[in-house]
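Colleague: Taken in order, these protein sequences are the chains called H and A.
With the numbering used here applied, the first sequence covers 686 to 799.
With the numbering used here applied, the second sequence covers 69 to 182.
Among the hints, erroneous ones may be present.
[To be verified] Ranges of calculated distance between the beta carbons of each label pair, as one might list FRET restraints: (1) A:Val81 <-> H:Glu737: 18 to 26 angstroms; (2) H:Leu768 <-> A:Pro108: 37 to 45 angstroms; (3) H:Gly783 <-> A:Tyr132: 33 to 41 angstroms; (4) H:Thr799 <-> A:Pro182: 34 to 42 angstroms; (5) A:Glu83 <-> H:Glu737: 26 to 34 angstroms; (6) H:Gln739 <-> A:Asn165: 29 to 37 angstroms.
[Unchecked claim] Below, simulated DMTMM-like cross-link-like pairs (lysine to aspartate or glutamate); rule was C-alpha separation at most 20 angstroms, straight line: (7) H:Lys698 <-> H:Glu760; (8) H:Lys742 <-> A:Asp97; (9) A:Lys106 <-> A:Glu83; (10) A:Lys106 <-> A:Glu85; (11) A:Lys138 <-> A:Glu94; (12) A:Lys138 <-> A:Glu127; (13) A:Lys106 <-> H:Glu760; (14) A:Lys71 <-> H:Glu760; (15) A:Lys71 <-> A:Glu85.
By construction, these hints were calculated from the structure, which means they are not laboratory data.
Glycine included, each C-beta is placed from N, C-alpha and C at the ideal position.
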Amino acid sequence: KAGVTQTPRYLIKTRGQQVTLSCSPISGHRSVSWYQQTPGQGLQFLFEYFSETQRNKGNFPGRFSGRQFSNSRSEMNVSTLELGDSALYLCASSLAAGYSYEQYFGPGTRLTVT
Amino acid sequence: AQKVTQAQTEISVVEKEDVTLDCVYETRDTTYYLFWYKQPPSGELVFLIRRNSFDEQNEISGRYSWNFQKSTSSFNFTITASQVVDSAVYFCALRGNTGNQFYFGTGTSLTVIP
Chain H
686 KAGVTQTPRY LIKTRGQQVT LSCSPISGHR SVSWYQQTPG QGLQFLFEYF SETQRNKGNF
746 PGRFSGRQFS NSRSEMNVST LELGDSALYL CASSLAAGYS YEQYFGPGTR LTVT
Chain A
69 AQKVTQAQTE ISVVEKEDVT LDCVYETRDT TYYLFWYKQP PSGELVFLIR RNSFDEQNEI
129 SGRYSWNFQK STSSFNFTIT ASQVVDSAVY FCALRGNTGN QFYFGTGTSL TVIP
């Protein structure tokens, strides 16, 4: 079974631009979560989607948004990029939304903002 | 509040030594799950174990073992006879039955020296 895939793997953007990252969950998984990982803040939860609905949202500004499609694939968008948005963005999928389900992570998208 | 603390930032051991990674958590949830993930240099988080708050039995999987003690709110991870391939950052995480977010510790970077 294929794992979680994320595209692109690496991205370089300029301050003020916007970016869209994509995540394809493991086949059969219906929940997708997004995390930001930085050396200073560690792993921080961005949001979780299940059945095309946002179920949970972390403490990030409105510049960070996401969506999930009917095939469970998800995208996250960051508008008006700031230098501090440089990070590894990880997507994780699980069978369903709920605290008992383990999440399986993708390889991440490394975003660099210059 | 939900919080996971991994006090050990970096650990170095010589190959074949045993090593224990500490994890202490805080939660007000009555039911929760605890997780350990491994992040090798490639960046992808690899799921290792999930433990229900009602199940305090220790678990052993090959060279890995986990000690869950609710009385001290700890979920420690021991690697026996460490190998170079164990070098990675290890994250402890908590997910409760309210809120549903994953809360990750800051990670422990383990280096196994040949």
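Colleague: Each hint: holds or not?
Modeller: Hint-by-hint comparison with the structure:
| no. | hint | result |
| --- | --- | --- |
| 1 | A:Val81 <-> H:Glu737: 18 to 26 angstroms | 46 angstroms, violated |
| 2 | H:Leu768 <-> A:Pro108: 37 to 45 angstroms | 28 angstroms, violated |
| 3 | H:Gly783 <-> A:Tyr132: 33 to 41 angstroms | 25 angstroms, violated |
| 4 | H:Thr799 <-> A:Pro182: 34 to 42 angstroms | 38 angstroms, holds |
| 5 | A:Glu83 <-> H:Glu737: 26 to 34 angstroms | 48 angstroms, violated |
| 6 | H:Gln739 <-> A:Asn165: 29 to 37 angstroms | 19 angstroms, violated |
| 7 | H:Lys698 <-> H:Glu760 | 17 angstroms, holds |
| 8 | H:Lys742 <-> A:Asp97 | 18 angstroms, holds |
| 9 | A:Lys106 <-> A:Glu83 | 18 angstroms, holds |
| 10 | A:Lys106 <-> A:Glu85 | 19 angstroms, holds |
| 11 | A:Lys138 <-> A:Glu94 | 10 angstroms, holds |
| 12 | A:Lys138 <-> A:Glu127 | 15 angstroms, holds |
| 13 | A:Lys106 <-> H:Glu760 | 25 angstroms, violated |
| 14 | A:Lys71 <-> H:Glu760 | 28 angstroms, violated |
| 15 | A:Lys71 <-> A:Glu85 | 30 angstroms, violated |
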